[in-house]
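Residue numbers (our numbering), protein chains in the order written: chain S, 1 to 548; chain C, 1 to 114.
If you are wondering where the hints come from, they were derived from the structure by calculation, not from laboratory data.
Since we're looking at a predicted model, the values are computed, not measured.
Quick reminder that beta carbons are idealized off the backbone N, C-alpha and C, glycines included.
One should not assume that every hint holds.
If we take Cβ atoms under 7 Å as the criterion, some of the chain S residues that face chain C in the derived model are [unchecked claim]:
1. 170
2. 173
3. 185
Take a look at the letters that make up each chain.
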Amino acid sequence: MNCMIFQLKRIFLFFFISILLPFFPDYSFASAGGSLHQDNKNQAPGRKMAIQATKSGKKWNTTDHIKHKILHQEFKSGEEVTQACIYCHSEAADQFKKTIHWTWTDLDSDPENLAGKAGFSINNFCISTNMAKDKSCLDCHPGWNSKRETINCLDCHGQNDLDLNEAFTDIQGFLDSADADSLEIAKEIQKDVMDAVSSIGRPTRKNCGSCHFRGGGGDGVKHGDLDSSMAYPNKNLDVHMGTDGQNFQCTRCHTTILHNVSGRIYSTPAATQRKSLIEDDSIPKIMCESCHSNKPHKSENKANDHTDKVACQSCHIPEFARINPTKMWWDWSKAGKKKNGKKYTDYGQWHKPVYKSIKGEFKWEKNVIPEYFWFNGSMKVLTFKDTIDPGKTVEMSRPLGSIENKNSRIFPFKIHKGKTPYDKVNKTMVTPLLSEPEGFWKTLDWDDAIVKGMEAVGQPFSGEFGFADTSYVFPITHMVAPKEKSLSCETCHAKNGRLAKLDGFYMPGRDKFKMLTIGGWSLIAASFAGIFFHALGRFFIKNKKKEC
Amino acid sequence: MIKKVLFILIALVFTFTSVDTILAAEKGNSRKGKYTYRNVYKKCHARGEIESKKPLLNPSAKTQAQWKRVFDKKKFEIFGCKEEWKKLSEQDLLNIFTYLHGHAADSPAPAKCK
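Working from the sequences, and respecting the hints, build out all of it.
Set out below in structure tokens:
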């Protein structure tokens, strides 16, 4: 009798486990994800490799600029400073003037439809630079006094906060006054300039950020993953740049050849090769794989099987704009209102402008969840020469790539939406003149600003304009979160997960394939039946043996 | 009649005040004021009273009317660095006022001390 009860218990336990198992299909996933979060004692290979690649954090130089006599002079203009730089760095200016940082055009694009800020490209922020004729845009051009003539080497290499353009204007002003006080102040400023000119180094986060954190005319306006919070981030905001961790400067990944800084994204990919530094230590752009390899997780981790289809950024940047808000909406159609006959600005949450007479309505967001697209590293950018369909959302930029392309990965993006002016008859986007004395920001006159802006770029304007719904995308690649905050499997492998909108492929947990489901359940049912009959058989055979 | 006299008086007071402000702002040297203002904080920083060499208040921190009130009433305690402010001459103060007033929040060119 006891034996019979024991056998019954075994059968019951067997059934119990068999019934429960299907309710924990993620068991293997959970263990895989969990291993992402283990302590450092048992590091993943990609992490070990990255630590090895970056173990020497010490910077070293072969020169001390303070010791160069040519820099010990009373500079009176920026051009004189550049001449002093070129005296030693004889090829630097020629190199730099061929780079996209100087030309603001993508020379790999079609010359008839030249992409780039100084080319024909447009966006749904400040729309256009009018082919670099709108002077306020040139504040970020690396030349002296917002002119595209002489390179200002210190924009990228200066380690001193002094505003040299302002300093030189003031020096000239004081020298012109010629009274004793003024001459003394001029000498003082020249001493400050000398200090600044001698304080030279590799570009820091601050150098790059002076433009790239403020793209679109303000902190965090354009990029969702680049704003002033990245000047001195902590590890929680960016594991690589965190000042309490690796403290990477931008140049650690954005390597340079002949002053061409890697990483730009236009019509051609920034990098076509996915190599680790062990395979090739002179690759043109450092990517995640360069330091972490394409199997960065532990061997049993399911995430390793994703690296050929999912970009590391997709899981490791769960949200962007985590400290400062980023602009997500810009409605130009609302611009032009006045209060008491005057232009005005309304501020909203985080003390960010939500309405400006000269620019229209804005929306800002923090901790934004990215949207995901297949991306091969190239973008399709709209120009003011392209014909548009104003009935649909006009994609002013969109990522290129597909599941079929071996270089494509699922990649996270910020999508900035808005309403932007277009030519109703010619069906093209328009480029209103904005900051100039006759621009929209002064006059609030759309007709006049569009006429003048289109004249500046040599394009026709019918005289009729409207506002089209537009979108503009930015790849998200900075603000890499600590591993504990990377996305779990079910964030995407779920019916309404983050990849719900990506179609054209089967994804477990998200999609249902009827035949596969029926087949799966049939197998489970057959297994149950097998277990049941097997157990039943053993039960009766054993009892029979005892009776014998 | 009384109304007319009152109106003329008010208009005169307003005109003199405005002219006074404009003249006051024009008398100083804004460029010199900017450097004198910055030097106050450089010296104060060197003395160890403040952590940064940058001025505590940007010109755009106040409106033109607010700067005028500060200088009319000589409320210089808002600037900190008392020792340095005490040493400034009347001309220095006028120059600083001209700079701050000329780049106030409601001026055509609001400025921050970079």
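Q | Violated hints, by number in ascending order, as checked against the structure | A | none
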